Amino acid sequence: MSAGNEKIQSPLARARGAGSAHEGTHHWWHQRVTAVANMLLMLWLVWAVVHIPGWSYVEFTTWLAQPCRAILMILAVISVFYHAALGVQVVIEDYVHDGACKVVKLVGMKLFFFATAVACIFSILKVALGS
Amino acid sequence: MSNKRERPLSPHLQVYKPQLTSVMSILHRLCGMALALGTVMVVWALLAAATSEAAYNQFIWVCNTPVGKLALFGWSAALFYHLCNGVRHLFWDTGRLFEIRDAYRAGYAVLVATLLLLIWFWGAA
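These protein sequence lines map, in sequence, to chains A and B.
Take 73 as the starting number for the first sequence in the numbering used here and just add one per residue.
Take 965 as the starting number for the second sequence in the numbering used here and just add one per residue.
Bound-form chain A, shown alone (with noise of 0.2 Å):
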């Protein structure tokens, strides 16, 4: 941090030490968070995924429309597809270099993964809930 912005800074904005974008470590943090999230509720699912009677669309229904179950793959959801969102965010800004391509991917891959997060826990919702 340079002299002069010491100068113009005021004391608290120097101890929070986040500079001219009032954030700093957010973006690191969740990605943390959410992978954490993530490892816990992937290990649920693989194991449940294995221990499902079966495939069929009445034991698939009956299976994800128990409230446990229901819910655990809607936190699921939104873990991984809040975590998978950061991540694409940052290899777009380490391989797409032109500006106006970087805003409309970047603005477009969250829209995507907010989309599909929401088509994804309605369905959940619909299937618990809807029998």
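If you are wondering where the hints come from, they were derived from the structure by calculation, not from laboratory data.
Computed from a predicted model, the values in this text were never measured in an experiment.
By construction, the Cβ of each residue, glycine as well, lies at the ideal position given by its N, Cα and C atoms.
It cannot be assumed that every hint is accurate.
[Said to hold, decoys possible] Now the in silico label distances, taken between C-beta atoms and shown as ranges:
#, chain 1, residue 1, chain 2, residue 2, range
1, B, Trp1025, A, Ala85, 55 to 61 Å
2, B, Asn1028, A, Gly89, 51 to 57 Å
3, A, Ile146, B, Lys1033, 23 to 29 Å
4, A, Leu147, B, Val1026, 32 to 38 Å
5, B, Pro972, A, Leu112, 43 to 49 Å
6, A, Val179, B, Pro1030, 48 to 54 Å
7, A, Ala120, B, Thr1058, 25 to 31 Å
8, A, Ala85, B, Pro1030, 56 to 62 Å
9, B, Val1051, A, Trp127, 25 to 31 Å
10, A, Arg86, B, Met1005, 46 to 52 Å
11, A, Ser82, B, Gln983, 43 to 49 Å
12, A, Leu147, B, Trp1025, 26 to 32 Å
Since the structure of chain A is provided, determine the placement of chain B on it from the hints.
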């Protein structure tokens, strides 16, 4: 154009000899991207189950084709690798396993764990 000189870029990836650590790092990102793409299959499965029995059966039919099976296997391999290597990354985040010998040992442990998870999953599923 005249003031935009062609300056050398930082050394390209292919200049370096592939090492376990670098290859595993690249693989971690590749698997992450593959998993991000693979979410489409999850969306399809859940949407189909919510839509109708016919739509769900169509999804299961596609999963049972050779291409579908390959996609499922690839998806599971990417998941297990990204999961295990992600744990290695979390250890690094706490400042551990940075000695070259430890980084390599943890790397081999990740590969073995990935393989074991794959064998267990496809053996049990």
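Cross-check of the supplied hints:
Checked against the hint of 55 to 61 Å, the C-beta distance between tryptophan 1025 of chain B and alanine 85 of chain A comes to roughly 59 Å, which is consistent with it. Take asparagine 1028 of chain B and glycine 89 of chain A: their Cβ atoms lie about 55 Å apart, and the range 51 to 57 Å holds. A C-beta distance of roughly 28 Å is found between isoleucine 146 of chain A and lysine 1033 of chain B, which places it inside the suggested range of 23 to 29 Å. Checking the proposed 32 to 38 Å range against leucine 147 of chain A and valine 1026 of chain B shows it is violated: the Cβ atoms sit about 27 Å from each other.
Taking the beta carbon of each, proline 972 of chain B and leucine 112 of chain A are about 46 Å apart, inside 43 to 49 Å as hinted. At about 37 Å, the CB distance of valine 179 of chain A to proline 1030 of chain B disagrees with the hint of 48 to 54 Å. Range check, alanine 120 of chain A to threonine 1058 of chain B: about 30 Å between beta-carbon atoms, so the 25 to 31 Å window is met. At about 59 Å, the CB distance of alanine 85 of chain A to proline 1030 of chain B agrees with the hint of 56 to 62 Å.
Between valine 1051 of chain B and tryptophan 127 of chain A the Cβ separation comes to about 30 Å, which falls inside the hinted range of 25 to 31 Å. For the pair arginine 86 of chain A and methionine 1005 of chain B, the beta carbons lie near 48 Å from each other, so the given range of 46 to 52 Å is met. Hint check: serine 82 of chain A to glutamine 983 of chain B, Cβ distance near 47 Å, so the stated range 43 to 49 Å holds. Taking 26 to 32 Å as the suggested C-beta distance range, the pair leucine 147 of chain A and tryptophan 1025 of chain B conforms, at roughly 29 Å.
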